[in-house]
Each structure stands twice: as structure tokens, then as C-alpha cells.
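In the order they appear, the protein sequences are chains S and F. Residues 1 to 432 in the UniProt record's numbering are what the first sequence lists, from first letter to last. Residues 1 to 432 in the UniProt record's numbering are what the second sequence lists, from first letter to last.
These are calculated hints, taken from the structure and not from any lab test. All residues carry an ideal CB built from backbone N, CA and C; glycine is no exception. Among the hints, erroneous ones may be present.
Reference listing, derived: stretches of chain S covered by chain F, where coverage requires no fewer than 3 residues with Cβ under 8 Å from a Cβ of chain F [said to hold, decoys possible]:
(1) 158 to 168
(2) 291 to 301
(3) 391 to 402
There are 2 protein chains.
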Amino acid sequence: MAVVLPGSTAEVAAVVQYAHAQGIAMVPQGGHTGLCGGAVPDASGRQIILNLRRMRDILSIDTLEGTVTVQAGCRLADLQQAVEAKGWYFPLSLASAGECQIGGNLATNAGGHNVLRYGNVRELCRGLEVVLADGRVWSDLSGLPKNNSGYDLKQLFIGSEGTLGVITTAVLRLVRQPRQQLVALVPVPDIATALRLFGAINDEMGEALTAFELMSDFSMMLVARHFPEVVASLPLNSAWSVLVELSRPGTAEDLLSSFSGALDRSIGRTEMNDAVVARDLVQGSRLWAIRNAIPDAQRREGPSIKHDISLPRGQIAGFISELYPLLQDRCSGVRPCVFGHLGDGNLHFNLSAPSAGEAQDFVLQRERLERLVHDRVVAHGGSFSAEHGIGQLKRNEMARYKDEVTLDLMQRIKYALDPDNVMNPGKVLPDR
Amino acid sequence: MAVVLPGSTAEVAAVVQYAHAQGIAMVPQGGHTGLCGGAVPDASGRQIILNLRRMRDILSIDTLEGTVTVQAGCRLADLQQAVEAKGWYFPLSLASAGECQIGGNLATNAGGHNVLRYGNVRELCRGLEVVLADGRVWSDLSGLPKNNSGYDLKQLFIGSEGTLGVITTAVLRLVRQPRQQLVALVPVPDIATALRLFGAINDEMGEALTAFELMSDFSMMLVARHFPEVVASLPLNSAWSVLVELSRPGTAEDLLSSFSGALDRSIGRTEMNDAVVARDLVQGSRLWAIRNAIPDAQRREGPSIKHDISLPRGQIAGFISELYPLLQDRCSGVRPCVFGHLGDGNLHFNLSAPSAGEAQDFVLQRERLERLVHDRVVAHGGSFSAEHGIGQLKRNEMARYKDEVTLDLMQRIKYALDPDNVMNPGKVLPDR
Numbered sequence: 001m002a003v004v005l006p007g008s009t010a011e012v013a014a015v016v017q018y019a020h021a022q023g024i025a026m027v028p029q030g031g032h033t034g035l036c037g038g039a040v041p042d043a044s045g046r047q048i049i050l051n052l053r054r055m056r057d058i059l060s061i062d063t064l065e066g067t068v069t070v071q072a073g074c075r076l077a078d079l080q081q082a083v084e085a086k087g088w089y090f091p092l093s094l095a096s097a098g099e100c101q102i103g104g105n106l107a108t109n110a111g112g113h114n115v116l117r118y119g120n121v122r123e124l125c126r127g128l129e130v131v132l133a134d135g136r137v138w139s140d141l142s143g144l145p146k147n148n149s150g151y152d153l154k155q156l157f158i159g160s161e162g163t164l165g166v167i168t169t170a171v172l173r174l175v176r177q178p179r180q181q182l183v184a185l186v187p188v189p190d191i192a193t194a195l196r197l198f199g200a201i202n203d204e205m206g207e208a209l210t211a212f213e214l215m216s217d218f219s220m221m222l223v224a225r226h227f228p229e230v231v232a233s234l235p236l237n238s239a240w241s242v243l244v245e246l247s248r249p250g251t252a253e254d255l256l257s258s259f260s261g262a263l264d265r266s267i268g269r270t271e272m273n274d275a276v277v278a279r280d281l282v283q284g285s286r287l288w289a290i291r292n293a294i295p296d297a298q299r300r301e302g303p304s305i306k307h308d309i310s311l312p313r314g315q316i317a318g319f320i321s322e323l324y325p326l327l328q329d330r331c332s333g334v335r336p337c338v339f340g341h342l343g344d345g346n347l348h349f350n351l352s353a354p355s356a357g358e359a360q361d362f363v364l365q366r367e368r369l370e371r372l373v374h375d376r377v378v379a380h381g382g383s384f385s386a387e388h389g390i391g392q393l394k395r396n397e398m399a400r401y402k403d404e405v406t407l408d409l410m411q412r413i414k415y416a417l418d419p420d421n422v423m424n425p426g427k428v429l430p431d432r
Numbered sequence: 001m002a003v004v005l006p007g008s009t010a011e012v013a014a015v016v017q018y019a020h021a022q023g024i025a026m027v028p029q030g031g032h033t034g035l036c037g038g039a040v041p042d043a044s045g046r047q048i049i050l051n052l053r054r055m056r057d058i059l060s061i062d063t064l065e066g067t068v069t070v071q072a073g074c075r076l077a078d079l080q081q082a083v084e085a086k087g088w089y090f091p092l093s094l095a096s097a098g099e100c101q102i103g104g105n106l107a108t109n110a111g112g113h114n115v116l117r118y119g120n121v122r123e124l125c126r127g128l129e130v131v132l133a134d135g136r137v138w139s140d141l142s143g144l145p146k147n148n149s150g151y152d153l154k155q156l157f158i159g160s161e162g163t164l165g166v167i168t169t170a171v172l173r174l175v176r177q178p179r180q181q182l183v184a185l186v187p188v189p190d191i192a193t194a195l196r197l198f199g200a201i202n203d204e205m206g207e208a209l210t211a212f213e214l215m216s217d218f219s220m221m222l223v224a225r226h227f228p229e230v231v232a233s234l235p236l237n238s239a240w241s242v243l244v245e246l247s248r249p250g251t252a253e254d255l256l257s258s259f260s261g262a263l264d265r266s267i268g269r270t271e272m273n274d275a276v277v278a279r280d281l282v283q284g285s286r287l288w289a290i291r292n293a294i295p296d297a298q299r300r301e302g303p304s305i306k307h308d309i310s311l312p313r314g315q316i317a318g319f320i321s322e323l324y325p326l327l328q329d330r331c332s333g334v335r336p337c338v339f340g341h342l343g344d345g346n347l348h349f350n351l352s353a354p355s356a357g358e359a360q361d362f363v364l365q366r367e368r369l370e371r372l373v374h375d376r377v378v379a380h381g382g383s384f385s386a387e388h389g390i391g392q393l394k395r396n397e398m399a400r401y402k403d404e405v406t407l408d409l410m411q412r413i414k415y416a417l418d419p420d421n422v423m424n425p426g427k428v429l430p431d432r
């Protein structure tokens with residue numbers, strides 16, 4: 001019906017009050033980088049989009065407290081640059097940083113590369129201001145790390161994808177900028193070896209481990225094929241590769257010697273000849289470029305079916321060896337493109353279409369293949385949506401995999417905060 | 001009316017179903033270490049106490065995932081010992097570890113010494129099983145660090161002090177056991193110097209800083225008077241002392257040299273002659289004993305009025321210098337005993353009775369003095385309950401300091417989950 005671009009919390013509240021009074025549904029919207037349709041209106045033409053991009057001010061940076069107060073429409077990259085200029089670091093690390101907005105990051109409880117060390121964005125949030133479904137403003141921007149006075153209401157809004165209110169302002173936790181960094185690309189023959197390396201690094205210097213990313217040989221090959229300049233002369237002859245990032249604010253200790261020790265103990269000196277270790281930011285960013293190019297490379301390769309899953313780390317090897325033959329059985333020649341945040345147990349378990357055959361045929365199998373993957377995920381104790389959320393795309397999965405009590409509690413919370421169902425209806429909660 | 005000691009989640013559910021059907025109110029209870037009366041029934045004699053102490057099993061320790069699954073009645077110290085026997089560490093550190101129970105820790109979102117590095121217990125919780133007010137069981141014990149499939153319902157129960165349900169089982173995050181530790185007692189002339197040291201340590205090795213505790217000279221003197229064996233020959237001639245704990249899983253780096261550098265840059269070499277540095281666990285525990293003896297020493301000294309406050313760190317010095325004369329003005333000779341978790345901005349701002357005069361007179365001034373302290377806390381952007389919660393004792397403060405929207409949202413959540421108000425009524429939420 002309309003796209004509204006409010007410039008302040010008061011303007012958001014005024015629009016919401018009006019829409020609520022008229023019974024008009026609203027869709028809060030950030031930087032259009034969500035992958036599940038959570039910020040996309042339905043086809044009725046009777047919903048209002050509330051896009052917060054004009055509310056992009058960084059209101060204050062508190063260098064003693066280590067916090068930043070920022071409006072929801074601020075782009076993640078702009079926030080990162082502003083705090084880095086003051087010697088601080090906001091550790092949410094997403095490929096979409098140049099477009100995504102803080103409000104959307106919070107509404108979807110964004111994850112990314114650094115969850116291992118700093119948690120999801122939920123753990124980085126110290127306070128919120130929210131316009132509720134009836135247009136009232138709820139605000140707790142004190143930013144205190146310890147405050148046990150009543151229910152922690154901000155937790156309700158984080159990750160609820162705009163169904164309980166519109167986040168307008170946030171207080172976020174900062175950390176000291178890393179001054180020492182090591183990035184390494186380590187080829188490994190199997191998941192078990194990768195997890196052995198993970199364990200050894202944790203033993204030796206777990207507090208410095210900021211990322212532990214897995215890439216299958218197929219996902220690396222796609223990057224080499226579609227972005228040859230990114231991969232350059234790297235070895236590509238192992239079944240899996242792990243991208244490790246270690247970082248520390250101090251300079252007193254030597255990350256390289258600790259890392260070499262961990263490599264030696266977990267993989268063995270003779271096996272680790274192919275490990276590529278970058279010790280400065282430029283070299284490190286080249287290794288990260290490989291990891292970050294995978295989604296685009298997969299897009300160029302043709303159609304794909306994507307899954308954003310998490311599993312207990314100990315279940316991953318079994319899950320994969322069980323699923324691969326089942327997938328071939330159902331869809332001969334399907335090419336799994338597996339990569340992601342192994343340290344968190346979160347994999348992007350994507351399927352590329354068989355190289356022979358009709359792309360159209362493959363896409364028609366989406367539902368069948370998704371069912372197969374998600375059934376196995378749940379059977380192994382995992383989640384069918386690790387970091388991308390539910391939006392519109394995975395509401396059927398909610399109905400299928402969530403138990404009655406969980407769905408009932410979610411409905412009760414939704415009804416308590418939005419009894420008229422005007423705030424982003426048709427998202428997250430399945431139809432009942 | 002009765003104390004019920006269920007032995008399983010099914011037994012808790014059966015009791016709650018029965019009580020809910022009969023309209024009988026229930027009070028979930030752990031280890032009796034809460035400080036705000038949250039687990040104490042009212043005087044009507046018509047409430048059932050649900051004490052979970054028989055449910056004390058450690059169900060599993062997953063050393064790959066780094067998690068433990070434990071029943072709510074398990075004592076914190078028992079849990080710590082069990083995971084330490086396997087080389088892991090549960091970083092919730094409370095003086096009451098020998099009595100308090102995991103369920104109570106979660107229901108009150110317990111804080112303690114190590115919040116600085118590991119967060120409140122909320123950040124350590126990966127999953128919960130809860131018996132709801134009507135006796136249904138809600139369970140999410142998958143323990144996944146990343147799972148964005150619907151509202152994060154466990155957040156509702158953490159810190160809600162048993163008013164929304166009874167926590168029966170939890171999955172908790174573990175970390176690697178520190179193998180290198182440094183504890184130091186550093187005399188400082190003022191809060192500003194203490195915060196300079198805090199900044200320098202964060203710059204140099206923030207990821208290793210596990211505690212940063214403040215003690216006033218009066219609080220140290222009380223320990224020296226009532227527990228002389230604890231203080232031994234330590235210097236006691238500065239206005240404030242800071243207890244610093246650094247720890248790391250690895251052994252490769254030298255904490256002492258990093259720490260000395262930070263001391264030098266923040267306080268200056270000439271000033272730091274009195275710093276006492278312990279480098280092994282025994283010496284370290286002697287320094288911790290001083291900090292931990294303060295509450296008991298204050299008890300032996302006579303009556304006191306306690307405040308569990310948090311403030312933005314930059315506000316603390318101004319808050320104290322403003323409040324001290326006001327306190328003397330209202331209550332001549334009152335002796336503030338200030339100590340606590342400076343790194344989190346959380347102080348135990350306790351008042352000991354004047355040494356001359358009637359103790360009884362002092363206790364009668366509780367309400368007036370509390371009002372004075374909490375008014376100033378709120379004026380400085382702080383919280384009147386940083387880690388102890390609300391229970392029964394601070395419900396008036398909730399009514400006084402929380403805005404209408406916050407109280408309305410809390411009531412809506414309470415009503416959504418416990419419409420018959422049978423789950424720990426008369427706690428946390430103020431009368432409306």
C-alpha cells in the first residue's frame with residue numbers, strides 16, 4: 001500500500017499508531033539482505049512497509065563503557081568504520097555488511113563469522129528502543145551489562161523478525177580492536193581431523209579463536225572456476241579446507257607459535273605442509289576472500305537449493321556420510337556445496353544442480369530435497385534454521401518440526417504483544 | 001501448605017498440574033541463597049513450595065560440544081567439580097557455590113565474579129526444560145549455539161524468578177579450564193586510577209581478564225578486624241584496592257609480563273610498589289579470600305543496609321562523591337562498605353551502622369537510606385538491582401522506577417504464560 005520512511009522514533013510511533021488504529025498491517029524493513037522473506041510484504045497490496053534507512057545516526061560511542069548507541073537504519077559497515085576510527089571493534093561479521101542494517105541484524109539475531117568468540121548479535125546487544133504494535137515506545141537504552149530488575153524484555157524483540165515490534169535504536173557492545181591477527185587455510189582429509197584441530201586450538205588459546213570455517217573441495221572448486229583471481233595458486237587437493245582466524249588485542253604473545261603447536265598436535269607435522277598462514281591483514285583478507293566468494297560462485301554455477309542448518313559438532317561427519325548417498329539416490333548427480341561456520345556447528349548445506357540435465361527439473365525437486373535434508377538434521381539433533389531465521393520461507397518447517405507446546409508459547413507471546421496481529425503478520429509463526 | 005520434593009520432571013509436572021487445577025499457588029525453590037525473598041512463600045499458609053533439591057543429576061557432559069546437561073537441583077559446586085574432573089570449567093563463580101542450585105542460578109540470572117569475561121548465566125545457558133504454570137512441559141535441550149527457528153523462549157524463563165515456570169533441566173556452556181592464572185591485589189588512590197588500570201589491561205589482553213573487583217578501605221578493614229588470618233600482612237593504606245584475575249587456557253604466553261606492562265602504563269612504576277601478585281592457585285585463592293570474606297565481616301560488624309547496584313563505569317566516581325556527604329547528612333557516622341564487580345559496573349554499596357549509637361535506630365532508617373541511594377543510582381543511569389533480582393524485597397522499587405510501558409509488557413508476558421497467577425505470585429511484578 002505504501003512505503004514509509006520515518007526519520008525518527010517519534011515518526012515510527014506516529015505511523016504505527018495510525019496503522020494500528022486503522023487495522024493496517026506493517027512490515028518493518030532494513031537493508032533487504034534477509035534470505036527468508038521476513039521483510040517482504042504479502043501480495044495483498046494492503047500492507048505498509050516501514051523502511052528505517054533514514055534513521056542511520058550513530059548517536060554516541062562510549063569508549064569507557066565500550067558501547068555504541070545507534071539508530072536501527074545504520075548500515076553495519078558504517079557502524080564498523082565509525083567505531084574502528086576510535087580504536088574499537090564491533091565483532092558482528094557478515095558478508096552483507098555494506099547493505100544490511102543494525103535493526104535487521106537484531107530482528108534476525110544475525111550470526112556470521114565471529115559467533116564462536118563473540119556470540120550471536122543477541123550477546124552483543126545491551127539495550128533497545130522499540131515501537132510496539134500499538135505505537136507505544138518501549139525503551140531501555142541504559143546499556144548496563146548487569147541489570148536484573150524484572151524480565152529482560154529486549155530478548156523478546158531480538159530474533160523475532162519484526163513480529164513483536166519495530167526496533168528503532170540499540171546499544172551494542174564493542175570490543176577492543178584486534179592488533180594481532182593470524183589467518184590460516186588448512187587442508188584436512190575429513191571432518192574428524194578438522195574437529196581435532198578445533199579442539200587443539202581451543203586447548204591452547206581458545207580465547208583468541210575468532211573464526212573456524214569449513215569449505216568442501218566442491219565449494220572451493222566453484223570459487224576457482226568462477227573467481228580464479230581469488231584462489232590464485234592455492235592447493236585444492238584435499239576433501240575439506242578449514243579457514244582459521246585467531247586474533248588478540250595485545251601484541252605481547254606470538255599467535256604463530258601457539259597455532260603451530262596446535263597444528264602439530266592435532267594434524268601432525270608431516271601432514272600440515274599445505275597449510276597457508278597469513279600473518280597480516282592483507283594476506284588474511286585474501287584467504288577470507290575465498291570463503292566469502294563461495295555464495296557468488298555457487299550462484300554463477302547455476303541453480304541451487306540452500307539449507308542453513310546447525311548440528312552438534314560431533315554429529316556432522318555422520319550426518320554428511322549418511323545424507324550424501326540418500327541425496328544421490330533421490331537426485332542423481334546433485335552436487336552438495338558444503339561450507340560454513342564449523343566452530344558453531346552451523347553449515348550452509350547447499351545443493352548445486354547436476355551439471356547434466358535441466359536446471360528447471362532440479363528446482364522442482366526443492367521441496368523433496370529440503371524435506372530429506374531437514375528430516376536428517378532434526379534426527380541428528382540439529383536446527384533447520386541456524387542463522388537466517390524463518391520469515392515466510394520456513395513457516396512450513398516450523399509447523400512440521402516444532403512441538404505443540406513451543407508453538408503455543410510463541411502464539412501466546414505474539415498475542416500478548418500484538419493482539420490485533422498488525423506487526424509483520426504471516427511471518428515466523430505458522431498458520432494454526 | 002506443603003513442601004514438595006519432586007524427583008523428576010514428570011513429578012514436577014504432576015504436582016503443578018494438580019496445583020493449577022486446584023488454584024493453589026506454587027513457589028519454586030532452590031538452595032535458599034537468594035537475597036530478595038524470591039523463593040520464600042507468603043504468610044498465607046496456602047502456597048506449595050516446590051523444592052528441586054532431589055533433582056541433582058548431571059545427565060551428560062559433552063566434551064566435544066563443550067556443554068553439560070544438568071538437573072535444576074544440582075548444586076553449583078557439584079557441577080563445577082564434575083566438569084573440572086573432565087578438564088572443563090563452568091565459569092559461574094559465586095560465593096554460595098556450595099549451596100546454591102543451578103535452577104535458582106538460572107531463575108535469577110546469576111552474575112558473580114566472572115561476568116566480565118563470560119557474561120551472566122544467561123549467556124552460559126544453551127537450553128532449558130521448564131514445567132509451565134499449567135503443568136505442561138516445554139523443552140529445548142538441543143544445546144545448539146546457533147538456532148534461529150522462532151522466538152528464543154528460554155530467554156523468558158532466565159531471570160524471571162520462577163514467575164513463568166519451573167526450570168527442571170538445563171544445558172550449560174563450558175569453557176576450557178584455565179591453565180595459567182594470575183591474581184593481583186592492587187592498591188589505588190581513587191576510582192579513576194582503577195578504571196585506568198582496567199582500560200590498560202583491556203588494551204593489552206582483554207580476552208584474559210576474568211575478574212576486576214573493587215574493595216574500599218573500610219571493607220578491607222572489616223575483613224582485617226573480623227578475619228585477621230585472611231588479610232595477614234597485606235598493606236591496607238590506600239583508599240581502594242582492586243583484585244584482578246587474568247586467566248588463559250594456554251601456557252604459551254606470559255601473563256605476568258603483560259600485566260606488568262599494563263600496570264606500568266596505567267598506574268606508573270613508582271606507584272605500584274604495593275601491588276601483590278599471585279601466580280599460582282594457592283596464592284591466588286588467598287587474595288580471593290579477602291574479597292570473599294567481606295560480606296561475613298560486615299555481618300560480624302553489626303547491622304547493615306545492602307544495595308546491589310550497577311552504574312555505567314564512568315559514573316561511579318561521581319556517584320560516590322555525590323552520595324557520601326548526602327549519606328552523612330541523613331545519618332551521621334554511617335559507614336559505607338563498598339565493594340564489588342567494578343569491571344561490570346556492579347557494586348555492593350552496603351551501609352554499616354555508625355559505630356556509636358543504637359543499631360536498632362539505624363535499621364529503622366532503611367527505607368529512607370535505600371530511597372536516597374536508589375534515587376541517585378537511577379539519576380546516574382544505573383540499576384537498583386544488578387544481580388540479586390527483585391523477589392519480594394524490591395517490588396516497591398519496580399513500581400517506583402520502572403516506566404508504565406515496561407510494567408505493562410511484563411504483566412502481559414506474565415498473563416500470557418500464567419493467566420491464573422499460580423506460579424510464584426507476589427514476586428517480581430509490583431501490585432497494580
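Evaluation of the provided hints:
Residue count for the segment 158 to 168 of chain S with a Cβ under 8 Å from a Cβ of chain F: 3. That meets the three needed, and the coverage hint holds. Counting residues of the segment 291 to 301 of chain S whose CB lies closer than 8 Å to any CB of chain F gives 0, which falls below the minimum of 3, so the coverage claim is violated. Here the segment 391 to 402 of chain S counts 5 residues with a CB under 8 Å from a CB of chain F, which clears the bar of 3, and the coverage holds.
Of the hints listed earlier, the one the structure fails to meet is number 2.
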